[in-house]
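Take the two lone chains, each set in its own frame, and fit them into one complex as the hints suggest.
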Amino acid sequence: MQPATPYLQLYIKNGILVGHYREKVHINLAMAHDIVSSRLAFTKGKAYPTMIIGHGIVSMDKPAREYLSSAPATEGLIATAIVVDSEFHRIVGNFFISVNRTPMPVRIFRDVTRAEKWLQKFV
Amino acid sequence: MAAKICLNKKCVMDKRLNQISSILSDYSRGSFDKQLSLSSKLDTIDGISGSINMLGEELKEATISRDYFNNIFNAVTDIVMVINTAGIIEQTNASAEMQLGHPAGFLKGKPLSVIKLKELPHFRRLLTCLKRTKTAQYDHCRLKMGNGAIVPLRVNLVYFHDEQLRYRVLLTATDISFRVKTENLVIRAIIESQEKERARLAKDLHDSIIQQMAGIKFQVSTTAFGIKKISQKQVLLRANNAIGELIAEMRNICFNLMPRSLEEFGLVKAVQEFCGHSFFAGRLKFEIRQPAEFPALPVALSIDLYRVIQEFVNNTVRHSNAKRVIIAFSANRNSLSLLLQDNGKGFLPREARGGMGLKNVQSRIRSHEGKLELVSTPGKGTRCKINIPLN
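Going down the list, the protein sequences come from chains A and B.
Under the working numbering, the letters of the first sequence match residues 1 to 123, in that order.
Under the working numbering, the letters of the second sequence match residues 1 to 391, in that order.
In short, the hints are calculated from the structure, not lab data.
Ideal Cβ positions, reconstructed from N, Cα and C, are used throughout, including at glycine.
Watch out, some of these pointers could steer you wrong.
Said to hold, decoys possible - Calculated from the model, a selection of chain B residues having no Cβ within reach of chain A, i.e. all distances over 10 Å:
#1 GLN19
#2 GLY47
#3 ARG132
#4 ILE150
#5 GLU195
#6 ASP207
#7 GLU287
#8 GLY346
#9 ASN387
What the hints assert, rightly or not - Examples of chain B residues lying across from chain A (beta carbon under 10 Å, computed):
#10 LYS41
#11 ASP46
#12 GLY50
#13 MET54
#14 GLU57
Isolated chain B (complex conformation) (with noise of 0.2 Å):
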């Protein structure tokens, strides 16, 4: 009798075994909505199953947070990375991936400079800066997406620390394509218009104004002619020549406004009548190199590349003490450059930077999806170079 209750009891008691056993394993498949049931002992198999039993919900909050957090993740379309303090990737969404073109898990482990996001700096620079600043940000970064297109993107960074307190950077990517393409339009009008009352203001000094003060210097020249008294005829040759002066000078501000060269003729020669100007002889030297076949730019384009050169020259003539300027036109099927360089005395590029000059330059060079990389060394001259996507 004694032996069957105790083999009741060792059934009882491997029964509420395998019921933990069983438990676990569903735990460790994931499952945590099965709990088990207490005796009314209250033992101490029913304080180990209540703790299993509070393990269970702990494990299915923290599974359901984590699958949460994990959809989200996944289901933004921004490029999100988290990337340790050595600037290895450690996790990526669906997204980036998918983008990017990589299969799943392509990224994990691999250094950020795998991606190639241009006008990023070097990690270690970035993360100088973020351990001050704890977020950062960046407009204007390209990057090669797997479809092979050149996508600008706005790049987010956040310093922060994980559960475990290391700290790690975060960093989302959003396309900014449409944004970039608005702002270009916006851009590409006002310059339009200003080029247009540019345009519209030279024309109408070159064809009254001018045409008024040939008239007048035409009537004090012969008046001139007609007179013997010698006094009054010196003061009318002084007037005439004041006059011609005049003209010249008017003429300079309509070719500035709007050289009519740069229409009738192109881009180069509007360059190489700008340089021919004696205003700049005996200070700068120009050298003017262009490819023996240079393709026929649109008229907006080349207004702008025209601006541009204008806007390094008269900043050399001002600022630079150089002798000599260099201007190298090339192009291919695909893309335009400029080359533009003084033997000046340099400056640091950061301290420019608010200058509304450059800020125009850029402006106009970014409404054609162009690049322009400006290197200046204080004592080493300024190297401008530019670089247009011919479509």
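Okay, chain A solo, but in the shape it has when bound (with noise of 0.2 Å):
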């Protein structure tokens, strides 16, 4: 497991890219852009399909949503999957696929072995 940023640790596992998100973090503009940042230095420059293990995230503020579905801070993610810990967040989650619509595919799920199995089609 490799230390990325104090709020995310990401490691890659199958091929896949793991953002592991830590407890109870809120997220705004300046660490998205750290997240984004330390991502693509971690990848060097290689793309991956990824899952997020958003456990931890309590909130994250409009323009830290923009900006991570936007394309430069999607650059290098072929798919995403997005692990959350209950309906009511994986419905929240949904909404905000539909209304920040990114340049790949982004899932949600409830079950990292059903988001690995789906990442893996992208690896």
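Structure representation (structure tokens):
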């Protein structure tokens, strides 16, 4: 496991880039920029299907959401699976996906195994 | 003591759930300004609260955008409609219903045909065309407004897909009354200066050259009368006949430039004179129908209708091989109608659209706010119906 930022850990598992948020994180725009530059530095320009384990995210402000769904911030991402820990967050997550459209496929999962299985199609 | 702590926790939990419930009620009323405060614990309820706050932010922006575009949609004075591929009106702006004299919401769910937009092709044909071209524009459509006025419109159509990737047609219709009026003034000025020039030329030819030629003819015939030598007399008589034919030809030219009978006796008489010309004898039979009472028309309108008839008959002679032409006038208090029909070989009207003759005819008719309908089928002759409002 590689430390990346104080609030996110990044590692590669079976060809999938995994981003694991630490507990109780509120993400703002500066943090979002930090997350993206850390990821790009970590992957050294190689594109990956990506799994975000977002259990620890408490909230994310609007500029951060907009930036993270933009083309520069999604560079190097082939597909993204976001794993959340409740049905409520899955519903809200799907709402945000429909509002902030991304250039690559994004799906919300409650189960890591299912997320991995879906991402394997993009490896 | 433990029970008291538990009770306090339950109270705090109830308070947070009440706050969530209250903010969701605000959202349902369209008020997205409040946000839930997060506790220092950042627990599951805070996670839910954070998500609800994010939801509120997105809904606020979506609502502002929607209201903004709704305001624009309703502020434009053009008629704007969104129509589905079955030809059903899904949305209209406030201006459309106001101008058409319908109550708000009346047009929603109705077929486009309910607004009776004249000169616009049938929706199914429009859609086929739009699938290929994506946009289309139709000038000189006409629509009866709520106040009874018939207004010329320019209609723009755009084929697009909505956020759910369903194809729709955006129709915008702009009132072009002022533009049409200005164009008509320009057309009338051009036509009238042309007609003035023709009249001047006809008068000059008639009053100078024809008179001089008549004088020469008189002298030649007088000289011929006094000459006894047969061969010389025959030469002068042939010259006299040739000058006579030349005078007749000059009179024809003058008549075609501007028939005097048009101004002196009116349109019908001038048309009868035109059709009675020896040029048509044996080639074309005319049937001229006129009502017992035919109104006296303004000179400009008489000249324009005469030119239209001239153009139709000349085209019939040149292209149709017709044997018979019907020219039928009719009129009531409000309008004048003219029917021109031949039994010739006909043509495909779309192939004739580029012709200057037809364009000139259309300009003349349009300048009187009239309507021209040309129907022709190969092998079945040509019919041209003209209707002019009489004010």
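Do the hints match the structure? See the list:
1. GLN19: Fine: 15 Å to the nearest Cβ keeps GLN19 of chain B off the interface.
2. GLY47: Label violated. Min Cβ-Cβ 5 Å, cutoff 10 Å.
3. ARG132: Per Cβ check, ARG132 of chain B is outside 10 Å of chain A; nearest 29 Å; holds.
4. ILE150: Check passes; 46 Å lies beyond 10 Å.
5. GLU195: holds, 64 Å
6. ASP207: holds, 81 Å
7. GLU287: holds, 70 Å
8. GLY346: The claim stands: GLY346 of chain B keeps its Cβ more than 10 Å from every Cβ of chain A (closest is about 57 Å).
9. ASN387: holds, 54 Å
10. LYS41: holds, 9 Å
11. ASP46: OK, holds: ASP46 of chain B within 10 Å of chain A, min 5 Å.
12. GLY50: The hint holds - GLY50 of chain B has a Cβ within 10 Å of chain A, the shortest such distance being about 3 Å.
13. MET54: holds, 6 Å
14. GLU57: holds, 5 Å
Checked against the numbered hints above, the structure breaks only hint 2 and satisfies the rest.
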